[in-house]
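A.B. asks: Assemble the whole structure, with the sequences as input and the hints as a guide.
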Amino acid sequence: MSKGIIIAVPKKYEETCLYNLINLRNLNCHLPIEIWEIGNEISNEIKTEFKKIENIHFKNVNNYTKKSSHWRGFQVKAFILNFTTFKEVILLDADVIVHQNPELLLTDKNYIKTGTYFFKDLDKINTSEVTGKFCKER
0 MSKGIIIAVP KKYEETCLYN LINLRNLNCH LPIEIWEIGN EISNEIKTEF KKIENIHFKN
60 VNNYTKKSSH WRGFQVKAFI LNFTTFKEVI LLDADVIVHQ NPELLLTDKN YIKTGTYFFK
120 DLDKINTSEV TGKFCKER
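Take 0 as the starting number for the sequence shown in numbering that gives the first Met the number 0 and just add one per residue.
Do not take every clue at face value.
Straight-line alpha carbon distances no greater than 30 Å define the calculated DSS-like cross-link-like pairs of lysine-lysine that follow [as the list claims (entries may be wrong)]:
no., residue 1, residue 2
1, Lys86, Lys65
2, Lys66, Lys46
3, Lys2, Lys51
4, Lys76, Lys2
5, Lys66, Lys50
6, Lys112, Lys2
7, Lys10, Lys46
8, Lys108, Lys76
9, Lys66, Lys2
10, Lys76, Lys112
It should be emphasised that the hints constitute simulated quantities derived from the structure, not laboratory data. For clarity, every value in this text was computed on a predicted model and none was experimentally measured.
C.D. replies: Below, the structure is given as structure tokens:
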């Protein structure tokens with residue numbers, strides 16, 4: 000596969016991730032998506048819901064290493080970047096909420112020029128302020 004989205008999904012973000020995947024498809028994002036977990040982090044109930052979404056592929060860190068405990072936390076992002084089947088990757092956090100089709104990032108002139116596109120994560124302290132402001136403006 001050429002282009003796709005990868006997401007490491009810890010248990011605490013499984014429902015947020017499910018919402019986001021449904022939202023991605025509603026935004027006409029048709030990229031394949033790899034859902035990564037370590038062991039059985041994602042509940043069977045949420046996995047059943049994930050399977051209803053087109054072009055979702057499940058991957059488990061345990062199938063690629065015997066030292067999966069080393070990759071818990073944010074470190075798993077480096078791991079899944081290394082083992083994804085995609086050549087071009089959009090790595091999303093499990094708790095990110097997209098508001099437009101992320102496929103647009105792959106057409107950005109700076110991405111095309113450099114092969115990378117980085118963004119600053121919201122500061123946890125400021126997240127509620129931004130969300131509150133956004134909700135009031137809508």
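A.B. asks: Decide, hint by hint, whether the structure agrees.
C.D. replies: Here's how the hints hold up against the structure:
1. Restraint check for lysine 86 and lysine 65: satisfied, since their Cα atoms lie roughly 25 Å apart, inside the 30 Å limit.
2. Restraint check for lysine 66 and lysine 46: satisfied, since their Cα atoms lie roughly 24 Å apart, inside the 30 Å limit.
3. Between lysine 2 and lysine 51 the CA atoms are separated by roughly 21 Å; this keeps the pair inside 30 Å, and the hint holds.
4. Distance check on the hinted pair: lysine 76 and lysine 2 sit about 17 Å apart at the alpha-carbon level, within 30 Å; holds.
5. About 27 Å separates the Cα atoms of lysine 66 and lysine 50, which keeps this hinted pair within 30 Å; it holds.
6. Proximity of lysine 112 to lysine 2 is assessed by CA-CA distance (about 17 Å); at most 30 Å being required, the pair is judged to hold.
7. Restraint check: the Cα-Cα separation between lysine 10 and lysine 46 comes to about 11 Å, which is no more than 30 Å; the hinted pair holds.
8. The suggested pairing of lysine 108 with lysine 76 holds, with an alpha-carbon distance near 25 Å, which does not exceed 30 Å.
9. The suggested pairing of lysine 66 with lysine 2 holds, with an alpha-carbon distance near 28 Å, which does not exceed 30 Å.
10. For the proposed pair lysine 76 and lysine 112, the alpha carbon gap of about 24 Å is at most 30 Å, so the pair holds.
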